[in-house]
Amino acid sequence: MLVLLIGDFNLPHRSANISPKFRKLLVPNKMQHVLCTGNLCSRETYDYLRTLSSDVHVVKGEFDDEMLKYPDTKVVTVGQFRIGVCHGHQIIPWGDSRMLELLARQLDVDILVTGNTYECSAVEKSGRFFVDPGSATGSFSVNKTGPVTPSFALLDVQADNVVTYLYRLIDDAVKVDRIIYKKSKST
Amino acid sequence: MYDNPGNTTDQEKFLDQSIRVVKTESFEMKRCLDKGKTMDALKHALQMLNEMRTAELSPKFYYRLYMDTMHELQCLEVSLIQEYAQEPAKLGNLYECVQYASAIIPRLYLLVTIGGVFIKCGLGSRKEILKDLVEMCRGVQHPLRGLFLRNYLMQCTRSVLPDLPETEDMLLAHNNTLPKGAPALKPRDGTVEDTIDFVLINFAEMNKLWVRMQHQGPSKEKEKREKDRLELRILVGTNLVRLAQLEALTEEMYVRDVLPSILEQIVSCRDTISQEYLMECVIQVFADDFHLATLNEFLNACGQLQQEVNIKILLIALVDRLALYTNSSIEGQPAPTKMQLFEIFSEQATSLIKNRPDMPMDDIVALHVSLVSLAVKCYPDRLDYADMTFLGLRQVIEEKGITDIEAFGKVGRELTKLLNIPIDEYKNVLRLSELPEYIKVMSYFDYRGQCNIASYMVQNMLEEETILRHQEDVDAAFSLISSLLRDQEKQPDNSHETEEFADEQNLVARLLHLIRADDVDSQFLLLNSARKVLGEGGRHRLRYTLPPIIFELYRLVLQFADMKDEDEKWDAKIRKMFVCAMGTIGALVSTAELAELPMKLYLNVSSFCKQHSMKNFQGAITADRVPFEDNHTVVYEFVSKALSILEDDVVDSRDRVRCLQLTVGTLLKTTHLPEENWQPLANQAVLAAAKMFKKPDQVRSLVTVAALYWHGKTLETNGEKLRNGKKVVDILRKSAKIAKECLEPLVQQQLFIQLLSAYTYYYEDNCPEINVDHIEELISRTQDNAVQLDVSAEADSLEKQLGEAIRRLQLAKLDVAASQVSSARAEPDLPQPPSENEGL
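Top line first, the protein sequences correspond to chains A and B.
Just so you know, full-length UniProt numbering puts 183 at position 183 of the first sequence, and the rest follows in order with no gaps.
Just so you know, full-length UniProt numbering puts 583 at position 583 of the second sequence, and the rest follows in order with no gaps.
Bear in mind the hints are in silico, worked out from the structure with no lab data behind them.
Backbone N, C-alpha and C fix where the C-beta goes; we use that ideal spot for every residue, glycine too.
Just to be clear, a hint being listed does not mean it is correct.
[To be verified] Facing chain B, from chain A, some residues (calculated, C-beta under 7 Å):
1) His13
2) Ser15
3) Leu25
4) Asn29
5) Gly95
6) Asp177
7) Ser184
[To be verified] Covered stretches of chain B (chain A as the covering partner; in silico rule of three or more C-beta atoms under 8 Å from a C-beta of chain A):
8) 403-412
9) 490-503
10) 652-662
11) 727-739
12) 755-769
Chain B extracted, bound-state conformation:
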């Protein structure tokens, strides 16, 4: 190595010095060339090349010096070729002359340059010169200088190495480019075999130099040396690239001479860095069909590499490359070759794992990743290949006694990759059930790992819209994602509190909408059986997984509703569906009661109650839509259940307000309840409103429930609204009374304005019982209040709202007065206000 590593500044300094010499000498060299003093020019060239003998530079800096020098040598080469064209005789003895230079490095650089010129000009035997040069370079055994010298040899001879036999056309083309007067090129000797020999020798020598670098210098600088070596690896690899570029290189030559020689060199050097790099180089540079033809030889050599070599990377690189190749060009390929490919790899991988007991588990799994990927991508019909690979891996895992593989550990990450491949490739998760070993391998994951894979499956099903049409589909899907559906042995106690748990259960919930049988009866059976499985999920899962089932049941009911004429047992069936929905909700309720016990779950419970109570409301509307015999009993049942939950289970006052709102909204959507059923429900709602804990809530809720008696529709009203103005006014008056009792001025003001708007609303709608005097009184009271409010942004906004409300009322008065007039003229289009109206 360089003897004086020094620091970067030192290196810069040494480099500067050398480059200065190179510049001066090359300048002199060119002057002599211009004057035709070839011998003097060569002397300066030798002086310049003397700098290449330096021992001061690190590889990086030596490389810069080399580049500069090489550039100058190219100038020399060009002018020598030109000179030869003018005076061929003069060049003849140069080769001899240079032999006498004393230092070996400059001498060899010049010999290589002149050798190149000879070949280009067709002087001497090409074969002999090449052989001569590559042998002479052995004279330099210093690794760094030797590597660069040999690299120069490759550069110089790059374009003149024998390849395809030289044809007349090629020679003609070449001769045309020669300067005037130059002797035309005659066919040169040498064949591609000579080139192969030449490059292989150079390759072997360079590799030896490169390996030797590792063993020079103190052992404490080992790391630095390895870094230096990695910087130089491309010099060695260039030889392989050159071989791969040979047009005349046939598969036969590759199999017989080239690869065995390369592999022999790689294996026998017993150097980890060299082996790892060069094996990968071979994979990358040579053609795919060459690899297919030499698979066994290559894999055998892999088995002989140093223990430290990361074989996994090599095998994976090869498998991936061939998987791509076979996949893109297979159709024409005879099946046996294709088939062998997988079997060879599979065998090799197995024996490799056996022969290397120290191989880390993540490498073993990574190897299987490549194998499965090969199996799945290139042999999509051979499920047995994929399954075989999973079996192989399972056996290794079992032998090593590994369990509970951590999801995000080294091994876990590889395992995730492995299990995801068939999901991604098949694009149909149901196909995984045809790989019995798949699920077994999955079971070696810890809880999180299993859940991750399962949710990846669900995501894929959602993305690909994998429909679960038959019972077998549902069973298959559920068994694959069973880790998400029920408590697992390995499951941590608090897992249901995590975000992952919620996300996963939401995925499962979405999946349930992909259950789509061909007809109503089968769909009902599928939903029912799914519900049974989900029912075992425990309370934390039920809140996610049962709502979709309930909604799917409702959807089914509405779908079935139109088919009354097509099914004799229609009534019984629809009843069954409702009973099933109610039972499912019942499961939620009972679970909620369980959940109510611990205080810390309190909030969950309350939101939970609302959730299923809302489902009750939804059920009510669904039932109302379906004209079956006793649908009103079902509606009544659903709404009354909702109200009793509101009574008993919903505790937070804001939640109660919201639940009541929903009850009212829902009741207003029903149209088929008989009066006798409707009244108790409405009464119950009014009671609930009046029983709100906080006074402002009472006021607002009463305003809300008043709508029931105005907009509500029953069986008896025949689609018309109830328009029970008396009841509306009663409720609003009660509400106003409570509002007056509120003590907080700002809140009270808000409530007054809200009431004012409500009164105006019904007044606009021609509610005859609304007493304008009563409203005016409310207004004056509100205006008095406004004066007393402290100055604040809220007060300002309320002031504005009040103004707006009063303006509305004035407009409404005008409207109503106008409609009174026109109704007196009995215009048929307008609603007829009842005659006994008062207050106007």
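Excised from the complex, chain A in its bound form:
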């Protein structure tokens, strides 16, 4: 089962578009679920995600309209895995790994997906898995020094493990990294 993790678009505040290279990769009906870490910033971006899959979950980024009532956190169960989503600006200090672990424990999830760092990453820690899909548009951010690399992530959820693919756009070419996470028995 494929789950798309994507967020921090900041369209139209900070970017003109999602790279055509990414749009070519993101084809409708390939992914069963879309988990969005927020900062879509316009209805159009949401509509775009809806074209990719009928099951779209969005949490609130700091630039999303309050009126849309996106929740701060959300938990989705895919196969054997509980996946939590949160944008991350609510976690003080931003990107603090122990605070992230605390949130993962509070939500009781196997995988925690957060954004706000504008850097694509995936790490396992104390039996839980933490993924940040980065910014889909590579939109400029003051949270990060240096240029932001456009990125998103894809989870291939299988019976007892999850294969994570990190897609990065470097020098206008898509680079893919693969990381495997196995569910520990205790949880």
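On the provided structure of chain A, position chain B as indicated by the hints.
Quick look at chain B alone, frame taken from chain A:
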């Protein structure tokens, strides 16, 4: 027509009867053929063909009967040809014999069949037989029966019409297929000209029959007749197809004989259905270069058609076809032909519109759609052609005094198509500014129509990444999409509340990121000038269009930050950029105040405040990153402005919590504020947290701001964290005190657990001031609470969380104890907890 229309069941019944007769007679016919009794076979064939005289069947059912009968006639034909091979003499007088059959329909069908056999066997003069047959068919003047008879004539003679001169090879190939004993075929007479005559006569006769159908029967059945006629049109069109298939047909013959004769027939029949169908047929079946050679003749004929004929469709079909052709095969073509093409069409269209004052406006625009498409696709360098077409249309619109064309009306839809063509084809919207008439035509749209076109342009620019590099580019783009940038006269009052408005403004906002000058100075100028134009957009647009400008300014600042050594006026310039950003935010703030007045906009305002306050935070971090002389004053300015907005403008309590969160997150990202600036900001944040309206919000916000004193960095700490444990504990204690005052058990329990986690967090991080006894007390209190909670899903989940929190604390204790031991051994890698720690 059929005399007794009846209903479908009746028709089925009549058809069944006829088909039964056809089956019986054809069976008998074949038996006689097998026995060699040719004359008897023909008698049965006549009996069978008698059924074709029926007047009971509608065209659809007559057609089915015809198909069955034709199949049987083919069998007859095959066996006659075979028979001739064995006894050539026997066939000789058949043609004569059949002449004596009494009824005309069966007689003619048989004559056509036998005529075909004669030609195939090389008997008699091909030319004469063909001429004879096509003339004899005049004997049937009943439209339906006549049309089918003549269609049979075309079918039967399809393969034997003279075309290219017969060569030895062709004859040889033919003779090889003949049955044994059959006389070999000799060269047959007749030329392609004879074929042309033959088909043209047949075509003219069929068209007359077809037109006559319209005028038979009661006038109340007019609609039904038209439907019947449309079902039969292909029979007439087949003639044109056959002509187009002739290999020996040259352009010269087409120009001299074929087309004039066809057009004469079409024009003179004065029948709308026939004219519309046949003209289109001509366009579709004949070759492109034939059309190019006869453009004027064809267009002239168009001018002579009935008023009701939809000329637009014909012209569009022709233009589109030729546009495709010229575009694909032009390179070799001499330029004049190409050039003429547009001019001829343009002229014809203009005179057509003049001669038909009743032509509906949407048809007129549709005609221009084809013209513009021709101009743009085939003459990409001739912008004047496209512009000329827009000019022509504008003049018509002006003459008719039309304004405010509805975006989704008939005319509006055509106009949208028209205006989209150059956008799609040029793939560079900036080129539109070279068509001065384009924008004028666009202005005849109503507000929505103009906005639709403008957003289509923006979408195209985003898709094609049309970079706005120079001031002229920005000016050109902005003037084309001006309907999106500022209030329009025709704009409805509530337009800014619509989804379209939001979508359009979001597009404009995205477009602003395509402003990319070659160097920092020019980029700053471009952004500044763009901001001025956007500033006139009014409050509803500003909230969309100013944020991207601010972000672009920040981006520019960060880009410029690394260039300190390259620019003498670096400090002054960077200051200017910040001032500009601040001014832009200021515009948002002042607009917000305007917007605060009406209650119904209240929610918008509050979200608005957050938006720009966040921009302030962003500004703070940007300034912090840039090592210019008095950057701390800029940071201070930005954060304090954000905090004062939080104080004054953000009213909703949840919004205040969130804004404070962001302030804390932002302050923790700054590293270069001097202590004297940092302290007041932190204090202010703590105050704001304590002043939250609801107690639970106070508790949570205090837990949040406590982080400032632990993780915060100032100029003086040199990149190290403050780690002011005393202050952290003070704040947490205050928070715990408030939590105890909360009355709702479930909420209180949540807060306790949150506090517990916070304590554990700092304890794990070796905060020496954390008093474990204090935590234990909190735990026991929380556990007491847990017992008193009513049974519920929430209570269960809290119970679980509490267990988890306690487990964490125990783990932390072990960790800390371990690190105490190892720190006693003074391991250098681990953080050194201050020596005066208490509570362990």
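Going down the list of hints, with the structure as the test:
{"no.": "1", "hint": "His13", "verdict": "holds, 5 Å"}
{"no.": "2", "hint": "Ser15", "verdict": "holds, 6 Å"}
{"no.": "3", "hint": "Leu25", "verdict": "violated, 17 Å"}
{"no.": "4", "hint": "Asn29", "verdict": "violated, 23 Å"}
{"no.": "5", "hint": "Gly95", "verdict": "violated, 10 Å"}
{"no.": "6", "hint": "Asp177", "verdict": "violated, 27 Å"}
{"no.": "7", "hint": "Ser184", "verdict": "violated, 16 Å"}
{"no.": "8", "hint": "403-412", "verdict": "violated (count 0)"}
{"no.": "9", "hint": "490-503", "verdict": "holds (count 3)"}
{"no.": "10", "hint": "652-662", "verdict": "holds (count 4)"}
{"no.": "11", "hint": "727-739", "verdict": "violated (count 0)"}
{"no.": "12", "hint": "755-769", "verdict": "holds (count 4)"}
This entry does not satisfy hints 3, 4, 5, 6, 7, 8, 11, going by the numbered hints stated previously.
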